[in-house]
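Q: Listed here are the chains, written in short residue letters.
Protein chains: 4
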Amino acid sequence: MIIKLRQTVDSKKAEELALVFKAFHIKENECSTLVTASSLKEIPIQYQEFIDEFWVLDNDMQLSSKKYRKEKRTVNFGNIQIGGNTNNTILIGGPCSVESEEQIRESSQLLMKLGLSALRGGCYKPRTSPYSFQGLGLEGLKLLAKMREEFGLTVITEARDATHIDEIIEYTDVIQIGAKAMYDQGILRACAKIKKPVLIKRGFGTTLQEFVQAAEFVLSGGNDQVILCERGLRTFETATRFTLDLCGVAWLQEHCNLPVILDPSHAMGYAYGVPNLARACVAMGIDGLLIEAHPNPKVAKSDASQQLNHDEFEELYRSLHAVAYSVGYKIV
Amino acid sequence: MIIKLRQTVDSKKAEELALVFKAFHIKENECSTLVTASSLKEIPIQYQEFIDEFWVLDNDMQLSSKKYRKEKRTVNFGNIQIGGNTNNTILIGGPCSVESEEQIRESSQLLMKLGLSALRGGCYKPRTSPYSFQGLGLEGLKLLAKMREEFGLTVITEARDATHIDEIIEYTDVIQIGAKAMYDQGILRACAKIKKPVLIKRGFGTTLQEFVQAAEFVLSGGNDQVILCERGLRTFETATRFTLDLCGVAWLQEHCNLPVILDPSHAMGYAYGVPNLARACVAMGIDGLLIEAHPNPKVAKSDASQQLNHDEFEELYRSLHAVAYSVGYKIV
Amino acid sequence: MIIKLRQTVDSKKAEELALVFKAFHIKENECSTLVTASSLKEIPIQYQEFIDEFWVLDNDMQLSSKKYRKEKRTVNFGNIQIGGNTNNTILIGGPCSVESEEQIRESSQLLMKLGLSALRGGCYKPRTSPYSFQGLGLEGLKLLAKMREEFGLTVITEARDATHIDEIIEYTDVIQIGAKAMYDQGILRACAKIKKPVLIKRGFGTTLQEFVQAAEFVLSGGNDQVILCERGLRTFETATRFTLDLCGVAWLQEHCNLPVILDPSHAMGYAYGVPNLARACVAMGIDGLLIEAHPNPKVAKSDASQQLNHDEFEELYRSLHAVAYSVGYKIV
Amino acid sequence: MIIKLRQTVDSKKAEELALVFKAFHIKENECSTLVTASSLKEIPIQYQEFIDEFWVLDNDMQLSSKKYRKEKRTVNFGNIQIGGNTNNTILIGGPCSVESEEQIRESSQLLMKLGLSALRGGCYKPRTSPYSFQGLGLEGLKLLAKMREEFGLTVITEARDATHIDEIIEYTDVIQIGAKAMYDQGILRACAKIKKPVLIKRGFGTTLQEFVQAAEFVLSGGNDQVILCERGLRTFETATRFTLDLCGVAWLQEHCNLPVILDPSHAMGYAYGVPNLARACVAMGIDGLLIEAHPNPKVAKSDASQQLNHDEFEELYRSLHAVAYSVGYKIV
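Protein chains in written order, with the numbering used here: chain A, 1 to 332; chain B, 333 to 664; chain C, 665 to 996; chain D, 997 to 1328.
Take these hints with a grain of salt, some might be off.
With a cut-off of at most 25 Å between alpha-carbon atoms, the simulated PhoX-like pairs for lysine-lysine come out as follows [to be verified]:
no.	chain 1	residue 1	chain 2	residue 2
1	A	298	D	1037
2	D	1294	A	41
3	A	27	A	193
In silico contact screen, one side only, chain C against chain A (beta carbon under 8 Å); selected entries [unchecked claim]:
no.	residue
4	898
5	899
6	900
7	902
Simulated DEER-style distance windows between Cβ atoms [claimed, not checked]:
no.	chain 1	residue 1	chain 2	residue 2	range
8	D	1301	B	417	57 to 67 Å
9	C	777	D	1045	53 to 63 Å
10	D	1142	C	975	52 to 62 Å
11	C	982	B	354	34 to 44 Å
12	A	48	D	1076	53 to 63 Å
13	C	982	D	1072	28 to 38 Å
14	A	48	D	1148	47 to 57 Å
FYI, nobody ran anything at the bench for these hints, they're computed from the structure.
C-beta: ideal position from N, C-alpha, C; glycine also.
Here chain A stands alone, though its shape is the one from the complex:
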């Protein structure tokens, strides 16, 4: 249940009530809001005087539910707003991994040339083998920060596990929680305490219900800057790397109030399919698109097969405007 307390209820009383209801206590527009387990369906009569409004919910999709807040939430991606009524589709580009200053500068220059503002690049790579390239770590974070200063870009990178979440929070503008880390409460709870935007990728074996519940960990801590990112499910089909779940996206658009960004690069796993898929994603009317691009994909240290080269990225970018326009959106 979500309980909006009366404006006359002070913080101390609100804390008391939170204890009574074993609830999370957050502030929304200066008002205290309590969030209890969804199994609570009724409010005892003696507490009704403190309560302005409340929402009984079917399950633990609560703060993220359109049953609670019908309008889509707005999130700031650097200077750009997405979600709400903006009809912006932000195009985030960059390599799978930050590999060197030269490489990440080339990526930055590509974005600047196209008038784009959001740079991605992995520093702590969640590789499944200890014998693969693991990313540059802190050195990579510093290179991303350098690009931000040099070019004014908004930087997004991924936390692999809770041991370096503080560094990620310090150095990056948007914190990405990867598909393999999205159940990680160490990361989620750390992100709940800050005000920076958080992009949560759906695990490849994760149900939509679990996906939005991961967002609830952040929202219930008081950080409402949460974006969901679909990047493909693991299915029996192995001719492509994963299976992008656009039915799931339609479900999120209907039921959930958080902005949605799509990552066709990881889903497909092969550069040849990324442009057509990216256009399909944009035609859904979505809030953003993550596309991997590398100055020279053949020598990339990770995910070589799925990264576009810079010419392909530019060509894709130019084709997306008309698609976005056809559904009332614009690429930013």
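Given the coordinates of chain A, assemble chains B, C and D onto it according to the supplied hints.
A: Same frame as chain A, now just chains B, C and D:
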């Protein structure tokens, strides 16, 4: 291996060679073509004099492979061509099941009003329970034929199993092989012997490789009018009915020379998600779209939740032009 | 709903009532039983006088449900009974495909040597490619029949599609409906009209609910000799051919009154894993086991990798007694 | 590649060579072993003098591969050895979550009564919703430690994320890495530096290859006390909670040198199926079994439906001896 025989080789000799190679023998542009198992990788020297050209293939995706024929095949959907360089996206509409003359006439009138030409409607429903509505059978086929005569529509309906395939072939313009029937060799082999177009739906548990191999059953019998239709995989996600596999579509577009039609209605299972998904499909640059619509979905005898009503169908139709146009296609 | 009519209700009246309720009408122990859609939850008062007992069921798992018949059904596998309280685990052996008289005789001799009675062997192979070995067809059926006459074996083989179901029914003792054919109503309805036992394999993309509903097609036609066979699901894991679903078997044992046979050979896809899996299956307390064995697996025309050779089969057989005994069953 | 250095190579030189090969350097039986990426296939001639033996491997399953070490590794579970040639199947029992001292003492007393030695119980629960019971945390760890002191039990509990891994390592005898945490390098790398046994559960969306690679993170850090635990895949089948992958277990037994423990409770999700599944697991010839049991499952704070009560646990335990014995194993 695919072997194109010299024009000087007569039919009798071609049959002899087909026996030697345990090959299928088909005619393409008046020339004899033999198709053997793909495990054959070399042609013995004594037969080389009869052979014009040959293609060694990695696996049993042969006649449908772009390695054999780079350009997409053309298929006639009534008066409308799809595939090839037509850049047509045919919109096929109609109810899940033919329920009555009144109902199917309303569907036909909707298509006529919008200038569309292709009517779908199930007569033999592949229900998973014996206690559900099983379709009108032959009576339904006759109603579809009546609509064709009355309105000049192209009619497509589904064969459930081999016991009634002859009726389906007789009454319908395009034979649909449903997701649950696509391994059915009784149906596939019957469709291989005719010249009518065949639309094969991908099974919800079927790999892309198996999917194109189902088409090979028809192609290797000499019927080159084959269309593939993706309609969703069965995955762990149950908030939607199936998971539409657009990564798989990108794979087909890269590797396979057959036209591809998409069915977002069955994939989603809920009408609310169909319009956004349909726009995503069209933005892939595809050859057609199957959308279920019913004059009154609430009383539909099957798949009530996923059928659009006629206003929703019209609204969707009107929105698709701009999306198709943005990727160089047109809705027909 | 399942409705048991009073013994005083004659067949004519029973037929009338079947029409009223749009029900299947079958005979059980000389009594008329009607089976309607499970959505029927109440019986109108004017019909109550004809009714002895009735069962309201949650869904279309009706005749096969333990809510209707608590005790497991008994099925005759030749001279051997399985199911009920027999605690028999029948071991069915033989090659994937019947390839020649010599081969199938060797298989038969192996069974005779071990005192086993049930011979399997495919004649119409449901291959996914037209370019693979398709089975010997009718010639294979005749070879199986010859083995039955020569050795007194009970013979089981698979129907691929409805075009040859009459031949299968004529030549074989137990009709197998394969994983790819189990939605085939042409086959299911033909099997509903006969009295021979039918073994239905679960499709690799089939839910348990759909699986038991396939059995309902046969049961509701009046043939109660139905066995279910689990043979592996298609999942994201491709290191093995399929994923044997023993959780599903536990579900069937709890909810369904039909005997259950397991096929670890197809699930695993590799001979090395079959013995351990077969022992696991037997320890579940099951009604039978299908194991593929070939005199010389290396030259098998289909499924070469998963067939045991005859020494391995014999060794496995010898190890199964103790396992079966440990759970109160015996191998027959 | 795995490279065993000559005994004459001192530690300093070994470190040098590790740098040259970008290899992990571990000690096995007093000898230095280097593990490089599996993409290394040849050793340059100038280093051959330092090398005693080396193994070229197909992929990053290296230290855990039977191609490197044919015999199964031995792991100490308190006083009990599993793996190797012990033919021990350890039965680990206890509740899903530690809830109170009274509850966990009852669990301990049950184990003592049956002569069992291994107690499980979750303290940091990896719940997918922030609104569910999250476990007692450190307080729970202290209760487990108390049970160890009081009863001499070996205690196993789960790390949820890297923020509390030090506590887990301090308080528990065997560290469990849960299905949702098994990609967590913060946890894996911490476990690589210690000598306590580590049990890694397979993620429900994790391939076998990724599963053994998680073990490689621990092994390559020098901790060879690693156990794998299969606990069910997430598939399209939702009538059971997960799908226990015994085909995968057969694969592990063939290809991997680590002991394997199975968890049928989480796979099934319902107590009714656990006994039959547990017997199936034991008949595979496995190294251990995790079974959830609770003094009063109905009031359990997590996983209420799948926990056995103490009578059911005892009955199951008594039935397992004969099954284990039938395959040459014993329950300990």
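Q: Would you list, in rising numerical order, the hints stated earlier that this structure does not obey?
A: The structure conflicts with no hint, since it agrees with every one listed earlier.
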